[in-house]
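J.: Read off the chains here:
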Amino acid sequence: MHEIALTNISYAYSQQAVLEDINFTAAAGEFVCLLGPSGCGKSTLLRLLAGLAAPSSGTITLDGKPISGPGLDRGVVFQDYSLFPWMTAGQNVVLALEQAFPDRPKAKLRETAQSYLEMVGLNGVFHKLPGALSGGMRQRAAIARAFAINSPVLLMDEPFGALDAITRARLQDLLLQLWQQNAAERKTVFFVTHDVEEAILLASRVVVMGLNPGSVRGIFPVDIPRPRQRQSLYSDSSFLTLRDRLIAELHADVLDELDEGRTIRTAGEGI
Amino acid sequence: MAKIQILPNILFALLLVILATTAGAGLPIHLMVLALAIHLVYLLRYVLAGDASTKTSSGDVAAILYVFFLIWYLTTGPFAILDKMLFPKPEDVLKLFVAELPDMLKGLVNSLILLVGGYLLALVTGIPLGLLVGWRVRLFKAVNPITKVLGPIPPIVYIPYAIALLPSFRAASIFVIFIGAFWPIFINTVHGVFNIPKGLVDSARVLNLREGTLLYRVILPGAMPSICTGATLALVFSLVLLAAAELIGANSGIGWYVKNFADFADYQRVIVGIIFISIVVTTITWGTERIERRLLRWRN
Numbered sequence: 001m002h003e004i005a006l007t008n009i010s011y012a013y014s015q016q017a018v019l020e021d022i023n024f025t026a027a028a029g030e031f032v033c034l035l036g037p038s039g040c041g042k043s044t045l046l047r048l049l050a051g052l053a054a055p056s057s058g059t060i061t062l063d064g065k066p067i068s069g070p071g072l073d074r075g076v077v078f079q080d081y082s083l084f085p086w087m088t089a090g091q092n093v094v095l096a097l098e099q100a101f102p103d104r105p106k107a108k109l110r111e112t113a114q115s116y117l118e119m120v121g122l123n124g125v126f127h128k129l130p131g132a133l134s135g136g137m138r139q140r141a142a143i144a145r146a147f148a149i150n151s152p153v154l155l156m157d158e159p160f161g162a163l164d165a166i167t168r169a170r171l172q173d174l175l176l177q178l179w180q181q182n183a184a185e186r187k188t189v190f191f192v193t194h195d196v197e198e199a200i201l202l203a204s205r206v207v208v209m210g211l212n213p214g215s216v217r218g219i220f221p222v223d224i225p226r227p228r229q230r231q232s233l234y235s236d237s238s239f240l241t242l243r244d245r246l247i248a249e250l251h252a253d254v255l256d257e258l259d260e261g262r263t264i265r266t267a268g269e270g271i
Numbered sequence: 001m002a003k004i005q006i007l008p009n010i011l012f013a014l015l016l017v018i019l020a021t022t023a024g025a026g027l028p029i030h031l032m033v034l035a036l037a038i039h040l041v042y043l044l045r046y047v048l049a050g051d052a053s054t055k056t057s058s059g060d061v062a063a064i065l066y067v068f069f070l071i072w073y074l075t076t077g078p079f080a081i082l083d084k085m086l087f088p089k090p091e092d093v094l095k096l097f098v099a100e101l102p103d104m105l106k107g108l109v110n111s112l113i114l115l116v117g118g119y120l121l122a123l124v125t126g127i128p129l130g131l132l133v134g135w136r137v138r139l140f141k142a143v144n145p146i147t148k149v150l151g152p153i154p155p156i157v158y159i160p161y162a163i164a165l166l167p168s169f170r171a172a173s174i175f176v177i178f179i180g181a182f183w184p185i186f187i188n189t190v191h192g193v194f195n196i197p198k199g200l201v202d203s204a205r206v207l208n209l210r211e212g213t214l215l216y217r218v219i220l221p222g223a224m225p226s227i228c229t230g231a232t233l234a235l236v237f238s239l240v241l242l243a244a245a246e247l248i249g250a251n252s253g254i255g256w257y258v259k260n261f262a263d264f265a266d267y268q269r270v271i272v273g274i275i276f277i278s279i280v281v282t283t284i285t286w287g288t289e290r291i292e293r294r295l296l297r298w299r300n
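Chains as they are written, first to last, in our numbering: chain A, 1 to 271; chain B, 1 to 300.
The shape of chain B in the complex, shown without the other chains:
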């Protein structure tokens, strides 16, 4: 067992001492619990990590977090040098976060319907079409000029038209997210097919595979690295478009939450909303990374 790391432990202790001694009447319980949770996670990682560099880096991350909370606490609490309305205290934000969680989760469901709807639609159309267009030269030559014109249009510009065109806000949002996610998935799938080593295609051809079998068992997995790149990019676009759509027309959802309370200058809730969104996005990214690693297991 390596020696105990000094920096994160010292900072943790310092944070707790400062919180306990400067708070006066009401102890910032939420902030203390959060610091404790961070430290527990850090200690767990420290003990479980196999190599020294993981131990060091998890300590460094914890240290950065403690410094951040320390500065936030000191500049808004004891020294109060920041504007009170724009920079609420960490303890207030955390308390409000817990209180608002049920409402935000309800909003999240509405947001996820839009996100998953548009994104899945893009996956199930973009990948098969991309495979077909990438595989058949004539089709590619016919479609490529169109792709070059339509692909780069920023999907945000479709939002007002989609809202006018489609019967509901939900349909319009799904449509816009679909458009935004479709092009990166489609284009990367096409390029993924192009980048399959020629030798692999020859190997498939000498086996005399039916076209369907060939596309599903050789071209699809061969293009998968590039498809994953496109799908990740598309997910980022989808999240941006989701937020944009909700800022414009929603009456619920995680993006709407932030926009709504910003209109009322309730920046405490704005910050709570942003923190919640960051947690949601991190969770989604973590999940997709795991799926990607599984799909591309064969590369290592």
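This is chain A alone, in the form it adopts within the complex:
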């Protein structure tokens, strides 16, 4: 049971309303994608979930208990800066493990870190600094760290946003594989993205957010059975229908925002 409930969440930053009246409940083990255009407050919402900021009003609860600050019950992966550049990949994972399991001996933690790095396909990078790794490898290490602390909740803020298409696809597959691995202890995931296809591929439910101020425009269950095959997905009729719905939903908002530029926004492009 790792249910997350958001009740009447509003958030304002220096008099400017960023989020307004968000209500949503993620069931335990659910994979939720927060989809929306830039500036809709989806990353802010994730920061509230992470406890990095507090909502101006409303409550967020994890298994009924209100979230009052950061905690190791929620693993977080950001787009950049997830790893500390002055520590090796291994030290980065070990640092997180030290917080999660302060009683375990250091040697044991190092072993654990090593095995999680290998699990995400990173062999032989334990002693490498993040600067010596590619962007994809850094995000793999960040995912390894998030899974290593064994938190029931995983929060990801556009983790693959800065990666090329192939690396991104590989990491999406890796993430799904890790998430599905252990059905009994499946993590509740919040995944922020502005990529419609990524949202459909990953999510159990897609929460579409709108602009000015950020609010939930619609919640769309994704009924495509798992494991989802990337190849067949693009010809799947329910995928295509849902994709068109989501794009229409996103565009309605963006077109309100822009007077010109109706023609340059095309399907599936990051907006």
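Source of the hints: derived by calculation from the structure; they are not laboratory data. For every residue, glycine included, the Cβ atom is placed at its ideal position computed from N, Cα and C. Be aware that one or more of the hints could be misleading.
Label pairs and their calculated CB-CB ranges [unchecked claim]:
| # | chain 1 | residue 1 | chain 2 | residue 2 | range |
| --- | --- | --- | --- | --- | --- |
| 1 | B | Gly-287 | A | Lys-128 | 53 to 63 Å |
| 2 | B | Val-33 | A | Glu-111 | 53 to 63 Å |
| 3 | B | Glu-289 | A | Glu-118 | 37 to 47 Å |
| 4 | A | Pro-85 | B | Thr-22 | 34 to 44 Å |
| 5 | A | His-127 | B | Ser-57 | 29 to 39 Å |
| 6 | B | Arg-293 | A | His-127 | 12 to 22 Å |
| 7 | B | Arg-299 | A | Arg-230 | 32 to 42 Å |
| 8 | A | Pro-85 | B | Ser-57 | 26 to 36 Å |
| 9 | B | Ile-64 | A | Glu-111 | 38 to 48 Å |
| 10 | B | Val-281 | A | Lys-128 | 46 to 56 Å |
| 11 | A | Glu-111 | B | Gly-287 | 37 to 47 Å |
| 12 | A | Arg-170 | B | Glu-289 | 38 to 48 Å |
Keeping the supplied structure of chain A fixed, place chain B upon it in accordance with the hints.
T.: For chain B alone, coordinates are given in the frame of chain A:
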């Protein structure tokens, strides 16, 4: 292997020939040995350097040195157009340098006690305080106005008061060097904390690190580039203040050496002292640069 460079080799040969042919009775052995040493270093660098631009530049540096010594030698020796007292011959200066080395090394120990004492004191107080002030907004807001007033005071003005206030010259000098080194280290540490990317701080916060762990393992290394800048600046200030303090009140030390013999118009020893100081400073700078490169290895 690239072709032999013409310029430095020609100049080297020219220098040796001129020295040998114009000296008359006493050959300038010290100067010749120095030229030979420079050439050996140059050849070694030339052979060991990987890229062509390093080879070229080490040749250029050697060439400049030969021209410098050639001009110095000719204007003080064979042509003697410069004032003899203010511009001693290179051979005399080098000979005296060797003779004075033991005394200067003894003075150096006294100087280093002041320098290292004041500078280390500034490091061990400036960095932790800077981290704390940079990290805690309320503390920063309380301290910042004070920093703005006290920071820019030129530390040299403290010297007379420090000498009156403190029991010994040594304590006064360490105090002044400490003050001079503290502000650049402290201020740059504070700014280093401010300049840590917000995403890194968030990453640290979601790990729920204890404040001590956070400061030591995230904020300190995150601020390290700026701390190094401050520490380098502070070292330069410290050296200036060391020299100033010794000019005012010391009875030994590398700055005192120069001042003392200038009082006796012994400019040959003044030049010897300046050369010795430049060697010391270069060595210190070289060492700190290596430490800095090691601390900031992760940036490349």
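J.: In this structure, is the beta-carbon distance linking Pro-85 of chain A and Ser-57 of chain B contained in 26 to 36 Å?
T.: 32 Å, holds
J.: With respect to the beta-carbon atoms only, verify the hint that His-127 of chain A and Ser-57 of chain B lie 29 to 39 Å apart.
T.: The hinted range 29 to 39 Å holds for His-127 of chain A and Ser-57 of chain B, with Cβ atoms some 35 Å apart.
J.: With 34 to 44 Å as the target window, see if Pro-85 of chain A and Thr-22 of chain B comply at their CB atoms.
T.: 60 Å, violated
J.: A range of 37 to 47 Å was offered for this pair. Does it hold for the Cβ distance of Glu-289 of chain B and Glu-118 of chain A?
T.: 38 Å, holds
J.: I want to verify a distance hint. Is the separation of the beta carbons of Gly-287 of chain B and Lys-128 of chain A within 53 to 63 Å?
T.: For Gly-287 of chain B and Lys-128 of chain A the Cβ distance comes to about 28 Å; the hint is violated.
J.: I want to verify a distance hint. Is the separation of the beta carbons of Val-33 of chain B and Glu-111 of chain A within 53 to 63 Å?
T.: 60 Å, holds
J.: Is 46 to 56 Å right for how far apart the beta carbons of Val-281 of chain B and Lys-128 of chain A are?
T.: 37 Å, violated
J.: That 12 to 22 Å hint for Arg-293 of chain B and His-127 of chain A (C-beta), does it hold up?
T.: 19 Å Cβ-Cβ, so the 12 to 22 Å window holds.
J.: Should the hint that Glu-111 of chain A and Gly-287 of chain B are 37 to 47 Å apart at their CB atoms be regarded as holding?
T.: 38 Å, holds
J.: Are Arg-299 of chain B and Arg-230 of chain A spaced within 32 to 42 Å by their CB atoms?
T.: The hinted range 32 to 42 Å holds for Arg-299 of chain B and Arg-230 of chain A, with Cβ atoms some 38 Å apart.
J.: With 38 to 48 Å as the target window, see if Arg-170 of chain A and Glu-289 of chain B comply at their CB atoms.
T.: Distance hint for Arg-170 of chain A, Glu-289 of chain B holds at roughly 41 Å.
J.: So the hint says 38 to 48 Å: do the beta-carbon atoms of Ile-64 of chain B and Glu-111 of chain A match that?
T.: 57 Å, violated
Of the hints listed earlier, those the structure fails to meet are numbers 1, 4, 9 and 10, in rising order.
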